[in-house]
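Okay, so the sequence shown: first residue is 3 according to the working numbering, each after it adds one.
Do not rely on the hints blindly, as some may be mistaken.
[As the list claims (entries may be wrong)] Pairwise CB distance ranges, derived in the manner of DEER restraints:
#1 G129 <-> E78: 17 to 23 Å
#2 L149 <-> E54: 18 to 24 Å
#3 R128 <-> K178: 29 to 35 Å
#4 L131 <-> K24: 16 to 22 Å
#5 E98 <-> A181: 28 to 34 Å
#6 A28 <-> D111: 25 to 31 Å
#7 A119 <-> S157: 17 to 23 Å
#8 K17 <-> V142: 42 to 48 Å
#9 L131 <-> A107: 20 to 26 Å
Just so you know, these hints were derived from the structure itself, not from any lab.
Remember, predicted model here, so these are calculated numbers, not experimental data.
Cβ atoms here follow ideal geometry from the backbone N, Cα and C, with glycine treated the same way.
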Amino acid sequence: MTDFTIHTVDSAPQKGKPLLEKSQQAFGRIPNLHGVMAESPEHLHGYQVLHEAFLNSSFNNDEKTVVWQAINVEHECHYCVPAHSAIAKSMKVSDELVKALREQAPLGDEKLEVLRATTLEMLRERGKLSDAQTKAFFAVGYTKQNLLEIILALSQKVMSNYVNHIAHTPLDDAFKAFA
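Take these sequences, add in the hints, and give me the full structure.
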């Protein structure tokens, strides 16, 4: 096991200091994940860019939550599942949807089910989608842009989920109620 430092602005490598200041401004604190990522300022920068890009994607808040949590749950990320539950709450996503995603239960919405299934097939099959899944995705109204945005989210979540696995990132106090 490797011990990772949860960096502060003071302890971070020089190039990581402004990135942690950006996190502090965005969240009112430095999430433990960002503190760990600051060990590699390039990693933290990439993660911040991907996070912002996915937030600005064409998906609505429910859809963003479906994509993020489908990945987090599949990856069994002890940190990101509760963190994105808290994020979903702040984005006004229903508790019922968040619970269903966490429990891998039916979502009660065909379009969101297709989004989750497409995300999971993309994840499990390393970007390969069956013709049937692709047809189902487009049949419920999703677009080629949406497919690319799932890949964007996958990229972001690989960065965070994998870091949390190797660093055993402790859960922030703000997320403990969602553990």
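Between E98 and A181, is the Cβ distance one that fits in 28 to 34 Å? 19 Å, violated
How does the Cβ-Cβ distance of G129 and E78 compare with 17 to 23 Å: does it lie in that range? With Cβ atoms ~20 Å apart, the hint holds.
Assuming the hint says 42 to 48 Å, is it satisfied by the Cβ distance from K17 to V142 or not? Given a distance of about 43 Å, which is inside 42 to 48 Å, the answer is holds.
Between A119 and S157, is the Cβ distance one that fits in 17 to 23 Å? Since the Cβ atoms of A119 and S157 sit about 20 Å apart, the hinted range of 17 to 23 Å holds.
Taking the beta carbons of L149 and E54, is their distance inside 18 to 24 Å? Hint holds: Cβ distance 20 Å, inside 18 to 24 Å.
When you take the CB atoms of L131 and A107, is the distance between them in 20 to 26 Å? Distance hint for L131, A107 holds at roughly 23 Å.
Between R128 and K178, does the beta-carbon spacing fit 29 to 35 Å? Taking Cβ atoms as reference, R128 and K178 lie about 34 Å apart, which means the hint holds.
Given the range 16 to 22 Å, decide if the beta-carbon distance of L131 to K24 lies inside it. Cβ of L131 to Cβ of K24: about 35 Å, so the range 16 to 22 Å is violated.
Check the following: the C-beta atoms of A28 and D111 are separated by a distance inside 25 to 31 Å. 30 Å, holds
Of the numbered hints given earlier, the model fails hints 4 and 5; all others are met.
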